[in-house]
Amino acid sequence: MNVLLVGTSHRLAPVEVRERVAVDADGAAELAGRLATDGEAVCLSTCNRTELYLAAPDGAAAVHRATAALAELGGVPAEELEPYLYRLEHEAAVVHLFRVAAGLDSLVPGEGEILGQVRTAYEQGAVGPLLDRLFRDALHTGKRVRTETAIAESPGTTSSAAAALAAQVFGDLGGSRIAIVGAGEIGALAARRLIKRGAELTFVANRTEERAQLLADELGGTSVPLARIADAIGAADIVVSSTSSADYVVTRQDVADRRGRPLLLIDLAVPRDLDPAINELPDCYLYDIDDLEAVVQETLAGREAEFAKAEAIAVSEAARFRDWLATREVVPAIASLRERAEQIRRGELAKASGWLGELSDRERDAVESLTSQIVNKLLHEPIVRLKEAAVAQEHHGPENRVEG
Amino acid sequence: MAEQLVWPVLFAYGEAAIAYAGNARSPGSLGRLATWGVRIGWLAQTALLVAQAMRADGFPWTTWAGSLNLFVWLVVGAYLIWGCSPRFRLLGLAVMPVAAALLAVSYVAGGMETATATASHDVLLVGHIAFALAAFAGFTVAAGLAALELWEERLLKRRRAGILQLRLPSLMTLDQLTVATIAVSLGALTVALLAGVARMPGHGFDLLIGGAVGAWLLYAAILYLRLRTGRRALAARLALVGLAVVFFLQLGLMLTHVA
Chain P
1 MNVLLVGTSH RLAPVEVRER VAVDADGAAE LAGRLATDGE AVCLSTCNRT
51 ELYLAAPDGA AAVHRATAAL AELGGVPAEE LEPYLYRLEH EAAVVHLFRV
101 AAGLDSLVPG EGEILGQVRT AYEQGAVGPL LDRLFRDALH TGKRVRTETA
151 IAESPGTTSS AAAALAAQVF GDLGGSRIAI VGAGEIGALA ARRLIKRGAE
201 LTFVANRTEE RAQLLADELG GTSVPLARIA DAIGAADIVV SSTSSADYVV
251 TRQDVADRRG RPLLLIDLAV PRDLDPAINE LPDCYLYDID DLEAVVQETL
301 AGREAEFAKA EAIAVSEAAR FRDWLATREV VPAIASLRER AEQIRRGELA
351 KASGWLGELS DRERDAVESL TSQIVNKLLH EPIVRLKEAA VAQEHHGPEN
401 RVEG
Chain X
1 MAEQLVWPVL FAYGEAAIAY AGNARSPGSL GRLATWGVRI GWLAQTALLV
51 AQAMRADGFP WTTWAGSLNL FVWLVVGAYL IWGCSPRFRL LGLAVMPVAA
101 ALLAVSYVAG GMETATATAS HDVLLVGHIA FALAAFAGFT VAAGLAALEL
151 WEERLLKRRR AGILQLRLPS LMTLDQLTVA TIAVSLGALT VALLAGVARM
201 PGHGFDLLIG GAVGAWLLYA AILYLRLRTG RRALAARLAL VGLAVVFFLQ
251 LGLMLTHVA
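Protein chains in written order, with this note's numbering: chain P, 1 to 404; chain X, 1 to 259.
Treat the hints loosely; a few may be bogus.
As the list claims (entries may be wrong) - Label pairs and their computed distance ranges (CB to CB):
#1 Q176/X - R338/P: 34 to 42 angstroms
#2 E185/P - G162/X: 43 to 51 angstroms
#3 D57/X - Q373/P: 36 to 44 angstroms
Said to hold, decoys possible - Sample of chain P residues at the chain X side, in silico, Cβ under 8 angstroms:
#4 T147
#5 A167
#6 F170
#7 G171
#8 G174
#9 R177
#10 R211
#11 A230
#12 A294
#13 G302
#14 E304
#15 F307
Hints were generated in silico from the structure; no laboratory data involved. Every residue, glycine too, gets a C-beta built ideally from N, C-alpha and C.
Let's have the full structure, built from the sequences with the hints guiding it.
Okay, here's the thing in structure tokens:
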């Protein structure tokens with residue numbers, strides 16, 4: 001049995017195709033169960049990919065069944081779906097899954113959501129010994145990449161840089177309160193990112209109250225007139241500002257003593273909305289658009305190196321899995337070797353029982369233990385060699401086929 | 001024989017210190033090596049202390065070198081509580097070289113020997129020393145946390161573009177941990193002081209007790225400033241001042257209360 005993969009993702013298929021073959025959690029569990037008739041199967045379906053991981057004795061038949069299942073999901077003939085599909089096997093399939101779990105194949109590299117989705121797919125899949133180990137290793141790889149590299153902390157836009165900075169100040173953003181000044185799309189985008197990380201909206205202040213109310217309704221807060229912003233700002237932990245005002249909308253005098261409670265101010269407007277002198281106040285940290293751009297540039301420069309590190313982790317973990325797989329294939333041979341040796345040991349002991357005479361329990365235990373140890377020591381070297389040979393053979397094994 | 005355990009401890013702490021330094025330059029698998037160095041070293045040091053305790057007749061860390069050994073174990077133990085998280089590896093860079101150096105000093109000065117002749121049976125003295133050392137270890141780690149917090153605050157104020165690449169703990173996490181560590185350590189210092197005061201009828205008031213009361217007041221003031229008035233940065237700076245006070249008290253404790 002080997003690992004096989006049939007799937008489609010944002011790299012090959014447009015959203016019109018992806019949405020047709022996407023399945024929910026129950027559908028994924030049902031599909032995995034259906035495909036695992038003579039082996040194992042896991043269905044990983046997210047908004048960016050639908051992938052079927054299989055382990056079956058007859059690889060070609062399993063791949064054919066998986067292709068047919070995807071075509072059935074999409075409600076199209078298999079030939080029509082063909083250009084959007086990829087099929088991987090052996091180590092290529094393993095490396096692919098490990099890269100997926102690490103977030104390296106995601107639209108936003110390093111994003112954390114995919115690890116949870118891989119876990120769900122694993123838990124709902126029809127797994128046996130092979131896919132169980134594969135997915136556990138994939139989850140381990142995903143965690144390792146996030147622990148040992150900074151790939152997940154590389155914001156690619158100013159709004160994601162603002163969210164990352166907020167996390168740097170507050171840690172968990174759950175319970176942090178955001179104030180939006182100006183109801184424009186740029187500020188709303190940054191606020192949405194913060195809300196996605198657990199923060200909650202406290203108020204939207206805008207020159208036009210109707211627009212403020214509209215955004216507040218959408219994001220779950222209240223609206224306040226721009227004139228009353230100084231009173232309201234005390235309740236906020238994060239202020240995101242993006243008005244088209246020519247003057248400062250919030251000045252140093254508008255910010256009251258924070259008493260140790262940090263206030264992160266994100267000024268996305270040009271000309272600036274927030275008085276730079278606010279940054280001199282204790283517990284206040286003000287970032288304007290240039291500061292955020294600098295953060296993005298710095299992290300983009302570092303991202304390439306982090307990406308390479310993450311790739312190396314995925315590849316090394318895949319090699320570890322390959323070695324495990326290779327040694328697993330010699331397990332029956334090792335078991336029969338041990339069984340034969342045990343038969344010989346018992347036979348020789350039975351023959352010797354005549355001249356050994358009557359032994360006490362303690363003496364019999366000593367003889368049993370001694371002969372077992374001799375057999376184990378004799379077998380140790382050949383077993384290690386057998387495993388090494390299996391690993392070496394796997395290293396020089398057939399190339400992984402990649403199609404699609 | 002038990003003294004020989006110091007070598008794996010020194011090796012593990014030294015390895016952790018070097019790996020932390022390497023990890024600071026290029027974050028990655030060196031961080032994991034460092035963490036394992038701390039864990040294994042601490043376990044080996046625990047075994048060393050247990051062996052010392054079993055062989056001694058009474059409290060075995062009555063020499064200044066012995067108490068330094070115990071102090072290092074307490075500091076690394078306090079760091080280990082949350083120090084294995086990748087985000088606290090920079091703190092490890094501050095803690096582990098100092099721990100390795102202090103342990104080496106302790107070894108050279110005979111801190112690993114089982115000093116049966118000097119082992120103490122005075123429960124109050126043992127309580128006084130043990131709790132004071134635990135408190136000082138906690139204050140030392142709190143100072144490290146406060147230093148990290150002040151550094152991060154400075155980076156945020158100066159809007160350093162590379163701040164996210166440093167993978168520091170969040171500002172609020174550092175603040176909360178500093179306060180919690182000081183609060184727990186202050187509790188230990190209170191017990192140490194009570195034990196010291198209980199011994200007073202027989203031994204009288206000494207300058208060190210006065211110093212310890214001063215330290216208690218300083219750390220109580222830090223907690224008050226942080227929790228009641230919200231002066232976060234000032235509290236962190238005072239935690240650094242507290243480290244200097246702790247250093248002199250530790251020195252005094254080792255020179256006057258132990259052999």
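Structure-based check of each hint:
{"no.": "1", "hint": "Q176/X - R338/P: 34 to 42 angstroms", "result": "56 angstroms, violated"}
{"no.": "2", "hint": "E185/P - G162/X: 43 to 51 angstroms", "result": "29 angstroms, violated"}
{"no.": "3", "hint": "D57/X - Q373/P: 36 to 44 angstroms", "result": "42 angstroms, holds"}
{"no.": "4", "hint": "T147", "result": "5 angstroms, holds"}
{"no.": "5", "hint": "A167", "result": "7 angstroms, holds"}
{"no.": "6", "hint": "F170", "result": "5 angstroms, holds"}
{"no.": "7", "hint": "G171", "result": "3 angstroms, holds"}
{"no.": "8", "hint": "G174", "result": "12 angstroms, violated"}
{"no.": "9", "hint": "R177", "result": "14 angstroms, violated"}
{"no.": "10", "hint": "R211", "result": "30 angstroms, violated"}
{"no.": "11", "hint": "A230", "result": "20 angstroms, violated"}
{"no.": "12", "hint": "A294", "result": "4 angstroms, holds"}
{"no.": "13", "hint": "G302", "result": "5 angstroms, holds"}
{"no.": "14", "hint": "E304", "result": "12 angstroms, violated"}
{"no.": "15", "hint": "F307", "result": "13 angstroms, violated"}
Hint compliance for this structure: hints 1, 2, 8, 9, 10, 11, 14, 15 are not met, and every other hint is.
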